[in-house]
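Engineer: Given next are the chains, with one letter for each unit.
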Amino acid sequence: MSILRKLGKIDYRWLYITSLILTAIPLFVPIGLSVTLSEPVKDYYAAIQALPEDSVIAVSFGGSAALLDEQEAQFLATWKTIFSLGHKVIFYSTTEDGPMILRDHLGKKVIPEDYGYTYGVDYVELGFSPLGEPGQASFAANIRGVYQADSRGTPLDDLPMMIGFNNFENIDLLIYEYTSCTDIEWAIRQWTVPYQTKVIATTLGCCGPMAAPYYPSQIAGFLSGSGAGTELEVLSGNPGPGAAMSDSKSIGILPQLIFIAFGNIAYFANKFSKEDEQ
Amino acid sequence: MSTLKKEVPKLIVMVFGILMILGSYTTIPIFDTLNAELTSWTMTISAVSVWLGAVYATYANYQLYMRNRKEGIEHLIYFVVPFLVFGLQFGAGILYGVESSQYLWYFAHIYTNIGAAVYAVMFFTLASSAYRTFIASSWDAFALLAGGLIYTLRQIPLFQAFIPGIVGAGEWIMLVPNVGGGRGAVIAAALGALALGIRTLMGKEATVTEGA
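First to last, the sequence lines map onto chains A and B.
Start counting the first sequence at 1; every next residue gets the next number (the working numbering).
Start counting the second sequence at 1; every next residue gets the next number (the working numbering).
Bound-form chain A, shown alone (with noise of 0.2 Å):
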């Protein structure tokens, strides 16, 4: 009974180092597991797939570098999903981190130029505003209240694309992306509610159960995670950073399960052996 008991004061360093080594070894021998879609990941994709030809869809940008290894599979399959399919694209950042992490991904890993994309005709990308939920609201309902230029200082009437565009109506899909798990709400309260204008959303995969109520009525789908990026990867046939992540994941985890289990069996072991002293 002894040794049960000890199991829940295993030095926690043990659990450090092997999650490390287990996640590390995926990165340099591949597994290649199968991934399995879940009905968010899947309607999320319906969601870009079903727009008519030539649709407009707003990227609101909330993406953030320090949370970026969860979320470039989702924004990647994403990008390549839209650019693939020919929508036009607005995209505009939340956060401060937005307009850099749009401006890697666009100049190098996603080249809308590669897909017969032209700036300013096919795409544009407004850059930061520290929008909030008012912020949403404003650019739903007049974008030039928010925007006069676009990022790279071009005003809105110079670029073809924004000419006679300024608000919801001219918006088939709003992709919102967050990281502060509440923040979803903005998008339906100002988007979804008033406009009826059609939504779905990228996030950390702590924040999908705070997404998950809202879907499929007012979120026609979601991503949650670096899980719900390997899932897009495969539903979209776009490979990228996702597989690599996902077989780091599935072993690095194993550590945390046997620990998890060990710190269960030392405390039945404790209960039933202070009971039988009893």
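One or more hints might be untrue.
As the list claims (entries may be wrong) - Just the calculated beta-carbon pair ranges, DEER-fashion:
#1 A/P239 <-> B/M66: 49 to 59 Å
#2 B/I110 <-> A/Y16: 22 to 32 Å
#3 B/A195 <-> A/Y115: 44 to 54 Å
#4 A/T118 <-> B/V48: 29 to 39 Å
#5 A/I10 <-> B/Y65: 38 to 48 Å
#6 B/A143 <-> A/D69: 25 to 35 Å
#7 A/S180 <-> B/A195: 18 to 28 Å
#8 B/E71 <-> A/I17: 32 to 42 Å
#9 A/D69 <-> B/L4: 42 to 52 Å
#10 B/A195 <-> A/L67: 29 to 39 Å
#11 A/I17 <-> B/Y56: 40 to 50 Å
As the list claims (entries may be wrong) - With the Cβ distance kept under 7 Å, some of the chain B side facing chain A (calculated, not the full set):
#12 A36
#13 T39
#14 S40
#15 M43
#16 A47
#17 Y111
#18 A127
#19 S128
#20 Y131
#21 Q155
#22 I156
#23 P157
#24 L158
#25 N178
#26 R183
What the hints assert, rightly or not - Residues of chain B clear of chain A, computed beta-carbon distances all greater than 12 Å:
#27 L22
#28 T58
#29 L64
#30 R67
#31 F79
#32 L196
#33 I198
#34 K204
#35 T207
No wet-lab data here; the hints were simulated from the structure.
Just so we're clear, the structure is a prediction, and the values are computed from it rather than from any experiment.
Backbone N, C-alpha and C define an ideal beta-carbon position, used for all residues, glycine too.
Please build the complex by placing chain B on the supplied structure of chain A, with the hints as guidance.
Structural biologist: Frame of chain A; chain B shown alone:
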């Protein structure tokens, strides 16, 4: 002085709150215009508040340093390093522009990696705290443990391949009990926010003038 500090803020909140409500719930054009104008003000206010926050943070950290300066160099490091990093980023942005290769290099190779490292450090805290606390010591704790484990296993391809039914079980937890509980919480929070809003508009919410 008391009136200026307590009654004027309440009056401002009431006037602007009522204008916003009229803009949202009536079709009178003037209120609609005012609503749109006031909404755009919030972005200016939030931008200013960032600088205000920086001033307050500087002052608070300076006071902390002055109180603890005899205890060692670490407090000086806490005070100085954030400003060095801020200066580096701000300086690169001002000198070269945020589109420059210098700024982008800083962002890609320093800022992003530091951010990722700080986030990754959380793994150690989460892993050891799960070991300590994910214990089925009561029925409530068992429900949390079971729900958390099933949903986690559903997310991992290894377990999707080797545990039959884990995908269905994980989806069910996410989309049935989680949705029911989540919607209940949202409705309760909305009712609470409504009550708070009405109290604020009536000038009865003390937190509006807290510290006055």
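Engineer: Does the structure break any of the earlier hints, and which numbers would those be?
Structural biologist: none
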